[in-house]
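Trainee: Got chain A; can you put chain B on it based on the hints?
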Amino acid sequence: EAGVAQSPRYKIIEKRQSVAFWCNPISGHATLYWYQQILGQGPKLLIQFQNNGVVDDSQLPKDRFSAERLKGVDSTLKIQPAKLEDSAVYLCASSLGTGGLNEQFFGPGTRLTVL
Amino acid sequence: AQSVTQLGSHVSVSEGALVLLRCNYSSSVPPYLFWYVQYPNQGLQLLLKYTTGATLVKGINGFEAEFKKSETSFHLTKPSAHMSDAAEYFCAVSDATGGFKTIFGAGTRLFVKA
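Taken in order, these protein sequences are the chains called A and B. The first sequence runs 64 to 178 under this note's numbering. The second sequence runs 90 to 203 under this note's numbering.
Extracted from the complex, chain A is given alone in its bound form (with noise of 0.2 angstroms):
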């Protein structure tokens, strides 16, 4: 079984320069996450996807940030402009369903350095 697809792997930008990343899910996980993991923290949900829809963005600065999973397989996540402290991982998960007993399944991540 295929695992969570992400790319690209790493990227280098400037800040005020925009960035996008892309996910592809494990095939049949109705539900998709975007993480963002700083050095030395642990990951933090950004946005959670069932389906097409958003179950949470709460934490997804909304003047910069934006994502869309249109067809409810795969995903992709911008920045826009992108600043300093914006400098991450950026991680992809899916799972069958919603709920604390759904195991997430991670992809590699995206290392995001923005100079």
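Warning: the hint list may mix true and false statements.
Unchecked claim - Taking lysine to any residue and the SDA-like style, the derived pairs with C-alpha atoms no more than 20 angstroms apart in a straight line are:
1. A:Lys107 with A:Ala151
2. B:Lys138 with A:Leu159
3. A:Lys134 with A:Gly91
4. B:Lys138 with A:Gly160
5. B:Lys190 with A:Ser158
6. A:Lys107 with B:Thr166
7. A:Lys107 with B:Ser115
8. A:Lys74 with B:Asn130
9. B:Lys138 with B:Glu155
10. B:Lys147 with A:Glu166
11. B:Lys190 with A:Ala93
12. B:Lys157 with B:Val118
13. A:Lys107 with B:Asn113
14. B:Lys190 with A:Asp120
15. A:Lys74 with B:Gln131
16. B:Lys190 with A:Gln113
17. A:Lys107 with A:Arg174
18. B:Lys138 with B:Arg111
19. A:Lys107 with B:Lys190
20. B:Lys202 with B:Ser169
21. A:Lys134 with A:Asp120
22. A:Lys78 with A:Ser129
23. B:Lys157 with B:Asp174
24. B:Lys138 with B:Thr166
25. B:Lys190 with A:Gln104
Unchecked claim - To spell it out: a stretch of chain A is covered by chain B in this simulated footprint if at least three of its residues, at any positions, have a beta carbon under 8 angstroms from a beta carbon of chain B; those stretches are:
26. 101 to 112
27. 170 to 176
Claimed, not checked - Here are some of the chain B residues that sit facing chain A, going by a computed Cβ distance under 10 angstroms:
28. Gly97
29. Tyr125
30. Leu135
31. Thr191
32. Phe193
For the record, the hints were derived by calculation from the structure and aren't laboratory data. For glycine and all other residues, C-beta sits at the position ideal for the given N, C-alpha and C.
Mentor: Using the frame of chain A, we list chain B on its own:
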């Protein structure tokens, strides 16, 4: 609100020694508790989870954790460390009051010395 505290950002053990990674949580209702492992340049992988029932939970790679409600703890142990256990370990909590959103601790990096 839920929170997780992992005591010690770095832990170093010798190969063959006991591994003990500490985790304390805060939750106003019965929690779900998790341990994840992250190897370099990889995503997180679930080691084990506690939902209900038996408080001693066994996971993959010989790890286990015990849920102690009175101590609000969920420490991770392994009797004998292997070099391959060197990684970062994250404790996490989820409960109904938070909509089952998973809250992660800051992580503990485990070093294993030969």
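Trainee: Run the distance test for Lys138 of chain B versus Gly160 of chain A: straight-line Cα separation, threshold 20 angstroms.
Mentor: 17 angstroms, holds
Trainee: For the pair supplied as a hint, Lys190 of chain B and Ala93 of chain A, confirm whether the alpha-carbon distance does not exceed 20 angstroms.
Mentor: 16 angstroms, holds
Trainee: Is the shortest C-beta separation between Phe193 of chain B and chain A less than 10 angstroms?
Mentor: 3 angstroms, holds
Trainee: When you check the alpha-carbon spacing of Lys134 of chain A and Gly91 of chain A, does it fall within 20 angstroms?
Mentor: 13 angstroms, holds
Trainee: Is the straight-line distance between the alpha-carbon of Lys138 of chain B and that of Leu159 of chain A 20 angstroms or less?
Mentor: Since the Cα atoms of Lys138 of chain B and Leu159 of chain A sit roughly 16 angstroms apart, the hinted pair holds (cutoff 20 angstroms).
Trainee: Verify the proposed pairing of Lys107 of chain A with Ser115 of chain B, using a straight-line Cα cut of 20 angstroms.
Mentor: Status holds; Cα separation ~17 angstroms.
Trainee: Compare the distance between the alpha carbons of Lys190 of chain B and Gln113 of chain A with 20 angstroms, and conclude whether the hinted pair is satisfied.
Mentor: This hinted pair holds, its Cα atoms lying about 13 angstroms apart.
Trainee: Between the alpha carbons of Lys134 of chain A and Asp120 of chain A, is the straight-line distance 20 angstroms or under?
Mentor: 18 angstroms, holds
Trainee: Please work out if Lys147 of chain B and Glu166 of chain A have their alpha carbons no farther apart than 20 angstroms.
Mentor: Status holds; Cα separation ~16 angstroms.
Trainee: Using a Cβ cutoff of 8 angstroms, are there at least 3 residues of the region 170 to 176 of chain A near chain B, or does the coverage claim fail?
Mentor: Result for this restraint: holds, n = 3.
Trainee: Mind checking the alpha carbons of Lys107 of chain A and Lys190 of chain B for me, to see if they're no more than 20 angstroms apart?
Mentor: 10 angstroms, holds
Trainee: Grab the minimum C-beta distance from Thr191 of chain B to chain A and call the hint holds if it beats 10 angstroms, violated otherwise.
Mentor: 7 angstroms, holds
Hint check: violations occur at hints 6, 23 and 28; the rest are consistent with the structure.
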